[in-house]
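**Q** Chains as they are written, first to last, in this note's numbering: chain A, 24 to 75; chain B, 90 to 295; chain C, 197 to 439; chain D, 4 to 221.
Among the clues, some could well be false.
[Stated by the list, open to error] Which bits of chain C does chain D cover? Going by a derived footprint, with three or more residues having C-beta under 8 angstroms, they are: (1) 324-338; (2) 347-358; (3) 398-406.
These aren't lab readings, by the way, just hints derived from the structure by calculation. Being a predicted model, the structure only gives us computed values, none of them experimental. Each residue gets a CB set at the ideal place from its N, CA and C atoms; glycine is no exception.
Each chain is listed here by its residues.
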Amino acid sequence: MIPDLGRYTLEVSLAYVVSLGLIGVLAFFYWLRGRSVKRQLAEIETGRGKNG
Amino acid sequence: MLSVQGLACARGGLPLLEGVSFALQAGQALVLRGPNGCGKTTLLRTVAGLQPALAGEVSASTDSIAYAAHADGIKGTLSVRENLEFWAAIYGTRGIGAALEQMNLRALADRAAQNLSAGQKRRLGLARLIVTGRPLWVLDEPTVSLDAASVALFGAVVRAHLAQGGMALMATHIDLGLPEAAILDLTPYKARLPEPGAGGFDEAFL
Amino acid sequence: MASFWEYANPLKFMRVTDWLLPIVAVAAVVVTATGLIWGFFFTPDDFRQGATVKIVFLHVPAAMMAINVWVMMLVASLIWLIRRHHVSALAAKAAAPIGLTMTLIGLITGAVWGQPMWGTWWAWDPRLTSFLILFLFYLGYIALWAAIDDPDTGADLTAVLCLVGSVFAVLSRYAALFWNQGLHQGASLSVQPGTRMDWAYKAPLYTCMLGFGLVFLALLLAGTRTEIRARRMKALVARERMA
Amino acid sequence: MIALLIRDLRLALRAGGGFGLGLAFFLILAVLVPLGVGPEPATLALIAPGILWVGALLACLLSLDRIFALDFEDGSLDLLATAPVPLEAVVTIKALAHWLTTGLPLVLISPVLGLLLFLPADAYLWLILSLLLGTPALSVIGTFGAALTVGLKRGGLLMSLLVLPLYIPTLVFGAEVVSRGAQGLAVNTPLALLAGITAGAVALLPFASALVLRINLR
Chain A
24 MIPDLGRYTL
34 EVSLAYVVSL
44 GLIGVLAFFY
54 WLRGRSVKRQ
64 LAEIETGRGK
74 NG
Chain B
90 MLSVQGLACA
100 RGGLPLLEGV
110 SFALQAGQAL
120 VLRGPNGCGK
130 TTLLRTVAGL
140 QPALAGEVSA
150 STDSIAYAAH
160 ADGIKGTLSV
170 RENLEFWAAI
180 YGTRGIGAAL
190 EQMNLRALAD
200 RAAQNLSAGQ
210 KRRLGLARLI
220 VTGRPLWVLD
230 EPTVSLDAAS
240 VALFGAVVRA
250 HLAQGGMALM
260 ATHIDLGLPE
270 AAILDLTPYK
280 ARLPEPGAGG
290 FDEAFL
Chain C
197 MASFWEYANP
207 LKFMRVTDWL
217 LPIVAVAAVV
227 VTATGLIWGF
237 FFTPDDFRQG
247 ATVKIVFLHV
257 PAAMMAINVW
267 VMMLVASLIW
277 LIRRHHVSAL
287 AAKAAAPIGL
297 TMTLIGLITG
307 AVWGQPMWGT
317 WWAWDPRLTS
327 FLILFLFYLG
337 YIALWAAIDD
347 PDTGADLTAV
357 LCLVGSVFAV
367 LSRYAALFWN
377 QGLHQGASLS
387 VQPGTRMDWA
397 YKAPLYTCML
407 GFGLVFLALL
417 LAGTRTEIRA
427 RRMKALVARE
437 RMA
Chain D
4 MIALLIRDLR
14 LALRAGGGFG
24 LGLAFFLILA
34 VLVPLGVGPE
44 PATLALIAPG
54 ILWVGALLAC
64 LLSLDRIFAL
74 DFEDGSLDLL
84 ATAPVPLEAV
94 VTIKALAHWL
104 TTGLPLVLIS
114 PVLGLLLFLP
124 ADAYLWLILS
134 LLLGTPALSV
144 IGTFGAALTV
154 GLKRGGLLMS
164 LLVLPLYIPT
174 LVFGAEVVSR
184 GAQGLAVNTP
194 LALLAGITAG
204 AVALLPFASA
214 LVLRINLR
């Protein structure tokens, strides 16, 4: 299944792992921050509703 | 003269005041009152042209305004004379002698400003206003942290300015010792914010 | 009647992206995965570069996006300065970390590729240098956003920085070219100078480029939504304090 | 306008004005480099153009935050912004004052430091000329950076991060003039490009600086 990368196995797989890892980390942080901001905003908005 | 029509201004992206209107004729003074954070400073900075108005009009050419916040823009390492001569040159007025005389600073003219007492510094700040030669003084908290004698001095200077046909627009939350000045309380002009999510354009944030 | 500028209304933007974002996100994952799997598993080795040629499917799209993101930020900054649509400024803010990541991927994959090909991890080649400089510009832009409390001031200042920075980034590019004629191959779409790239590489490469573009779009939409919410939250808190 | 220039020069030259700090930094750098690299004249001669240019650039950077920070703190900047002088002119004068107190002394002292670094004799003319042409750009670009970060806490470090990338083209062409001069090559192209960058920066950046200053004072 894994193609034979010859002498460049390390280089090529490293490039793929690091790149996908970076995009993954970035996406994860965007998701995490999005979720926490969304929740905080919801809290503030419901708080406002209660206070009038 | 200064006339302000339906002025609205904002701080930090939030509307703070709206519908503020007043007029000032030669020889008049107006004191803005109101609790801390009600927008006195913001209004003064808007009138002075430091920040744009949300709405409304200020009909005074900016050429007639001398603005002063409680920081006087005095350089400690320059002498009293150098400080005043600089502002006189910037405003294109001639002669600082009258200002020195009026503020009783003649004897201190060659002293570095950092060696002045607080009251003397205040006098230098007032002398700077006189040096600008501008008819309309826009003053933010001019008497903050001053003792009684300095407040009285301030009152006398403003009175003399008014007597020469000048105008003064001041913000304060303490007494200025200027009983003849008209007073405008800013509390009723507090901006009503739109209801959240009312569907306005950028008001969606508010 | 339905003007493009309507999408600058935060509410409308939120409504539209509410259903658009999942579609873009799924498309981004599918297209990128297709392109990368195709490139990684089903392309032949290059007769000179061997298996390292497979890095092209990451390197070129990332490098392309690194520049495109900056261009997008420039356009968004101009829109903010001229028309004062908050969504535009917030989109530029949300785009910057993506551009930074893309630049970093371009640099890292380049180093990993350069090591076996040129025998060095790093060379002060004009292209590499330009990307390093672009990386610094992204850093500065993000740092300036982070340092300013007032959202409108932040938007204004970063927009001006983006404009001025763009001019200097282009100047730096020419300075780098002038300073050192490099090792890097010229056109990004030819593996060997002089020969055109084979379709066996081109097809997955184009797929990856589209995929990276979609990844950027998905992250941009998600990030802008977050920034809009954060901006609104800030406004609500400030409002509460004033009341 | 001249009054503002005179005031800024006076302030810089009086006690606590910080005049000479950049110069001292430049000197220290030129002493430290041989200590770090070794006393080999050939090596030092090779890196001298770059070291001198990087040193000049860092020395400039060191004094940038003084351009507006002090005036911002004591309120002078508000007063200047409401005074009957265009802010673009204020910014230009401030940049000029910075150049006169930082850039020009660097240019004048650079031959001495060139001596310390065994700069080839052919290069002195080009060193002085390139610094003379390039340092105004450093001051103007730095003024933009200072205007951008004027109201910020911990603005100094951020300003370095923003300004240094903008210095790259000036540095590249400036150092290139000197090293080509040292090798006896033609310097026309980098010199023209350096002059072009300076002319462009001096002509256009004050507008951007005044714009961001207005935004920061709002």
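**Q** Quick one: see if chain D covers the region 347-358 of chain C, three-plus residues with Cβ-Cβ under 8 angstroms.
**A** holds (count 5)
**Q** Taking a Cβ-to-Cβ distance below 8 angstroms as contact, does the region 324-338 of chain C have at least three residues touching chain D?
**A** This one holds; 5 residues, not fewer than the three required, reach chain D with a Cβ under 8 angstroms.
**Q** Counting residues of the region 398-406 of chain C whose CB is closer than 8 angstroms to a CB in chain D, do you get three or more?
**A** With 0 residues closer than 8 angstroms to chain D, the region 398-406 of chain C misses the three-residue bar; violated.
Violated hint: 3 only; the structure is consistent with all others.
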